[in-house]
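Asks: Below, each chain spelled out in residue letters.
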Amino acid sequence: MTDAPTTREIFFAFFRITMLAFGGAIAWVHRGLVVERKWLTEHEFAETLSLCQFLPGPNITNFAVVVGMRFRGVRGALAALGALVVPPMFILIAIGVIYEHVAGVAAVRGALNGLSASAAGLFVVLLVNLMRGLVRSRPAVNIPVAAASCALVLSGFLSIPLALLTLGPISIAAAWFRRR
Amino acid sequence: MHAGHEFWVALGVLFTRVSVLALISFGGVNTVLPALHHLAVNEQHWMTDRDFASLFALASVSPGPNFMVLTLIGYKAAGATGAILATCALCIPTSLLAFAVVKVWDRFKTARWRVAIQEGLVPVTVGFVGAAAVLLVRASDNSIPAYAITAAVAVVGTATRFNPLWIFAISAVVGALGWV
Chain W
0 MTDAPTTREI
10 FFAFFRITML
20 AFGGAIAWVH
30 RGLVVERKWL
40 TEHEFAETLS
50 LCQFLPGPNI
60 TNFAVVVGMR
70 FRGVRGALAA
80 LGALVVPPMF
90 ILIAIGVIYE
100 HVAGVAAVRG
110 ALNGLSASAA
120 GLFVVLLVNL
130 MRGLVRSRPA
140 VNIPVAAASC
150 ALVLSGFLSI
160 PLALLTLGPI
170 SIAAAWFRRR
Chain B
0 MHAGHEFWVA
10 LGVLFTRVSV
20 LALISFGGVN
30 TVLPALHHLA
40 VNEQHWMTDR
50 DFASLFALAS
60 VSPGPNFMVL
70 TLIGYKAAGA
80 TGAILATCAL
90 CIPTSLLAFA
100 VVKVWDRFKT
110 ARWRVAIQEG
120 LVPVTVGFVG
130 AAAVLLVRAS
140 DNSIPAYAIT
150 AAVAVVGTAT
160 RFNPLWIFAI
170 SAVVGALGWV
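Chain order of the listed sequences is W and B. If you read the first sequence in numbering that gives the first Met the number 0, its first letter stands for residue 0, the second for the next number, and so on. If you read the second sequence in numbering that gives the first Met the number 0, its first letter stands for residue 0, the second for the next number, and so on.
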């Protein structure tokens, strides 16, 4: 690929994405890389996303590594991942410092109470969207599995690794036989 | 930097636990949020339930992907070193895995076992997100106005096409006035 973006271009593309990322970074990746820069086609984007969803870890960091690698090898992957993670990391450290100093102030406490209530609401939106997907796919198997994993983890009966090891194989087997 | 015994223990726990959780976070960091909550609040006592809710909210409204709540958890556990270490523990192992898998992806992307694993893990991890939603609502909402804000964001976000983010700003102001 002779016209592949340079390491520098990759860095700035992901820097812009991370600074705009608000409520779901993947939407911004689509906009930045497919719509604006045309580095990926819709098909390539969907293909890459399904790889990133298969892998553990944040979809967005996986996406950065895969896209960076495809264009400029290891250096491209480092540029994409670095741009994505390092600048917000320093911003969040600054926020952590400020939080330690002002968390006791009544008005700040109050503002954070309000913000937390909103953030919890946005998380509920995410959950509802995921459940809609489950209901569309295979409710007969998926809903009981999801309910069981939620209840087992919430009650403290199983930790997340143990729940994955016990419910995971059952659910994977169901998916395997369903595809026959 | 005051390098007491506790500080080194916190760094060690952060790095090992976060990298293990990162490698099993199929579907993103939100799916292992209940385990992170348990680690930070109940087990290591790095913060209160309320702190956890506040840090999650701050990460949601800051630049950068939402999974960077881990940077703030790291900061609360062991200062700036902890913040950087937690971020690395999340990104490095998963990126190395992505790096390895991308090279062999084409060979098995349509394989039946691969599709079954991916489809089978979804309901289990949606259950984890459900558990995380309960924990977040429980940690965030201690008053009727707080529940009302959570419900408002949830309804606006799921049932309308309005961006619920303006409710964030209103909720912070209402909170600062001491009403939440």
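Bear in mind the hints are in silico, worked out from the structure with no lab data behind them. By construction, the Cβ of each residue, glycine as well, lies at the ideal position given by its N, Cα and C atoms. A hint or two may mislead.
[Unchecked claim] Cβ-Cβ distance ranges computed for the label pairs, FRET-style:
no.: 1; chain 1: B; residue 1: 162; chain 2: W; residue 2: 11; range: 23 to 31 Å
no.: 2; chain 1: W; residue 1: 137; chain 2: B; residue 2: 154; range: 37 to 45 Å
no.: 3; chain 1: W; residue 1: 72; chain 2: B; residue 2: 142; range: 47 to 55 Å
no.: 4; chain 1: W; residue 1: 35; chain 2: B; residue 2: 6; range: 17 to 25 Å
no.: 5; chain 1: W; residue 1: 43; chain 2: B; residue 2: 42; range: 24 to 32 Å
no.: 6; chain 1: W; residue 1: 45; chain 2: B; residue 2: 37; range: 20 to 28 Å
no.: 7; chain 1: W; residue 1: 2; chain 2: B; residue 2: 150; range: 48 to 56 Å
no.: 8; chain 1: B; residue 1: 6; chain 2: W; residue 2: 34; range: 20 to 28 Å
no.: 9; chain 1: B; residue 1: 103; chain 2: W; residue 2: 40; range: 20 to 28 Å
[Unchecked claim] The list that follows gives simulated cross-link-like pairs (lysine to any residue, SDA-like), each with its CA atoms no further than 25 Å apart:
no.: 10; chain 1: B; residue 1: 102; chain 2: W; residue 2: 69
no.: 11; chain 1: B; residue 1: 102; chain 2: W; residue 2: 136
no.: 12; chain 1: B; residue 1: 102; chain 2: W; residue 2: 41
no.: 13; chain 1: B; residue 1: 108; chain 2: W; residue 2: 96
Asks: Work down the list of hints and note, for each, if the structure agrees.
Replies: Hint check results:
1. 162/B to 11/W: 23 to 31 Å: Because 26 Å falls inside the window, the suggested range holds.
2. 137/W to 154/B: 37 to 45 Å: Violated, at about 27 Å.
3. 72/W to 142/B: 47 to 55 Å: Since residue 72/W and residue 142/B have Cβ atoms about 53 Å apart, the given range 47 to 55 Å holds.
4. 35/W to 6/B: 17 to 25 Å: 44 Å, violated
5. 43/W to 42/B: 24 to 32 Å: 42 Å, violated
6. 45/W to 37/B: 20 to 28 Å: 35 Å, violated
7. 2/W to 150/B: 48 to 56 Å: 50 Å, holds
8. 6/B to 34/W: 20 to 28 Å: Once the Cβ atoms are compared, 46 Å apart, the range 20 to 28 Å for residue 34/W and residue 6/B is violated.
9. 103/B to 40/W: 20 to 28 Å: Between residue 103/B and residue 40/W, where Cβ atoms are some 23 Å apart, the hint holds.
10. 102/B to 69/W: Status holds; Cα separation ~10 Å.
11. 102/B to 136/W: 30 Å, violated
12. 102/B to 41/W: Cα-Cα ~21 Å, so holds.
13. 108/B to 96/W: 44 Å, violated
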